[in-house]
Amino acid sequence: GENVEQHPSTLSVQEGDSAVIKCTYSDSASNYFPWYKQELGKGPQLIIDIRSNVGEKKDQRIAVTLNKTAKHFSLHITETQPEDSAVYFCAASRRGTSYGKLTFGQGTILTVHP
Amino acid sequence: ETGVTQSPTHLIKTRGQQVTLRCSSQSGHNTVSWYQQALGQGPQFIFQYYREEENGRGNFPPRFSGLQFPNYSSELNVNALELDDSALYLCASSLELAGGKHEQYFGPGTRLTVT
Numbered sequence: 001g002e003n004v005e006q007h008p009s010t011l012s013v014q015e016g017d018s019a020v021i022k023c024t025y026s027d028s029a030s031n032y033f034p035w036y037k038q039e040l041g042k043g044p045q046l047i048i049d050i051r052s053n054v055g056e057k058k059d060q061r062i063a064v065t066l067n068k069t070a071k072h073f074s075l076h077i078t079e080t081q082p083e084d085s086a087v088y089f090c091a092a093s094r095r096g097t098s099y100g101k102l103t104f105g106q107g108t109i110l111t112v113h114p
Numbered sequence: 001e002t003g004v005t006q007s008p009t010h011l012i013k014t015r016g017q018q019v020t021l022r023c024s025s026q027s028g029h030n031t032v033s034w035y036q037q038a039l040g041q042g043p044q045f046i047f048q049y050y051r052e053e054e055n056g057r058g059n060f061p062p063r064f065s066g067l068q069f070p071n072y073s074s075e076l077n078v079n080a081l082e083l084d085d086s087a088l089y090l091c092a093s094s095l096e097l098a099g100g101k102h103e104q105y106f107g108p109g110t111r112l113t114v115t
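Sequences listed follow chains A and B, in order.
For the first sequence, our numbering assigns the number 1 to the initial residue and increments by one for each residue that follows.
For the second sequence, our numbering assigns the number 1 to the initial residue and increments by one for each residue that follows.
By construction, these hints were calculated from the structure, which means they are not laboratory data.
Treat the hints with care, since some could be wrong.
Unchecked claim - Listed next, the stretches of chain A that the computed footprint assigns to chain B, with coverage defined by at least 3 CB atoms under 8 angstroms from CB atoms of chain B:
(1) 11-18
(2) 36-43
What the hints assert, rightly or not - Computed, partial: chain B to chain A, Cβ under 7 angstroms:
(3) 31
(4) 38
(5) 42
(6) 103
(7) 107
Stated by the list, open to error - A few chain A residues that don't get close to chain B, going by computed Cβ distances all over 12 angstroms:
(8) 2
(9) 26
(10) 56
(11) 62
(12) 70
(13) 78
(14) 82
(15) 93
(16) 101
(17) 103
(18) 114
Here the structure is a predicted model, which is why all the values come from computation and not from measurement.
Quick reminder that beta carbons are idealized off the backbone N, C-alpha and C, glycines included.
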């Protein structure tokens with residue numbers, strides 16, 4: 001089955017800096033890669049996603065890049081703010097009868113210091 | 001807010017007991033997936049229900065079972081609770097169509113503690 005590795009496990013940055021979180025996946029058939037933000041006591045919130053027919057996607061301060069050949073994808077947050085502090089999860093899934101099955105990485109605790 | 005609601009928010013059970021968790025999907029969504037999130041870990045896929053049928057299952061034993069109702073709400077049932085079942089149980093709803101619009105939106109979760 002699919003295996004998703006996420007790095008780093010913790011990331012500490014100063015307000016205004018950029019943050020990058022990287023994930024690798026094992027199943028070459030995976031074609032959908034969402035990123036979730038989870039704040040304390042809440043469920044994961046979808047912040048951006050990318051499909052395998054696209055190499056990059058941007059939404060304001062957040063961008064995701066995908067390298068299908070190397071089977072890795074990354075989340076980039078620019079101009080970080082204290083409210084960006086949370087746990088971030090990458091995930092992967094593939095089309096088919098279990099299309100909705102998301103395999104998650106282990107999470108990255110992002111701390112943005114004012 | 002995603003519009004996905006779960007009940008109860010917290011639950012304490014004793015080993016060996018049974019528990020039922022409930023989820024109301026976002027309006028218009030026909031698919032519900034359940035995940036288990038242990039402390040400090042990413043969510044693990046339990047199973048998915050699409051139009052009232054189980055549509056994929058993760059590596060969980062048969063004592064984890066579910067239902068989806070005609071209004072697309074769902075239940076997760078766990079029998080013979082074990083201490084390792086203590087976790088946050090997340091429900092995610094999505095709209096599955098031919099051509100596959102499949103973003104999953106999560107509820108706030110139910111925190112289950114087994115003593």
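Given as non-interface: residue 78 of chain A, partner chain B, CB spacing beyond 12 angstroms:
It holds; residue 78 of chain A is separated from chain B by about 23 angstroms at its closest Cβ, greater than 12 angstroms.
Closer than 8 angstroms, Cβ to Cβ, for at least three residues: run that test on the segment 36-43 of chain A against chain B and report holds or violated.
holds (count 4)
Residue 42 of chain B as an interface hint toward chain A, with CB separation required under 7 angstroms:
holds (3 angstroms)
Would the least Cβ to Cβ distance between residue 103 of chain A and chain B come out above 12 angstroms?
violated (7 angstroms)
Per the CB criterion, is residue 31 of chain B less than 7 angstroms away from chain A?
holds (6 angstroms)
Exclusion check [residue 82 of chain A not at the chain B interface, CB over 12 angstroms]:
Consistent with the label, residue 82 of chain A stays out of reach of chain B, its closest Cβ about 22 angstroms off (over 12 angstroms).
Does residue 26 of chain A sit more than 12 angstroms from chain B, CB to CB?
holds (15 angstroms)
Separation of residue 70 of chain A from chain B, once the least beta-carbon distance is taken, above 12 angstroms:
Answer for residue 70 of chain A: holds, closest chain B Cβ roughly 21 angstroms.
So residue 93 of chain A supposedly isn't at the interface. Is its beta-carbon more than 12 angstroms from every beta-carbon in chain B?
Since the minimum Cβ distance to chain B is about 8 angstroms, residue 93 of chain A lies within 12 angstroms and the statement is violated.
Satisfaction of the residue 107 of chain B interface hint, Cβ to chain A closer than 7 angstroms:
Status holds, d = 5 angstroms.
Report holds if the minimum CB distance from residue 114 of chain A to chain B is greater than 12 angstroms, and violated otherwise.
holds (25 angstroms)
Taking a Cβ-to-Cβ distance below 8 angstroms as contact, does the segment 11-18 of chain A have at least three residues touching chain B?
violated (count 0)
Of the numbered hints given earlier, the model fails hints 1, 4, 8, 15, 16, 17; all others are met.
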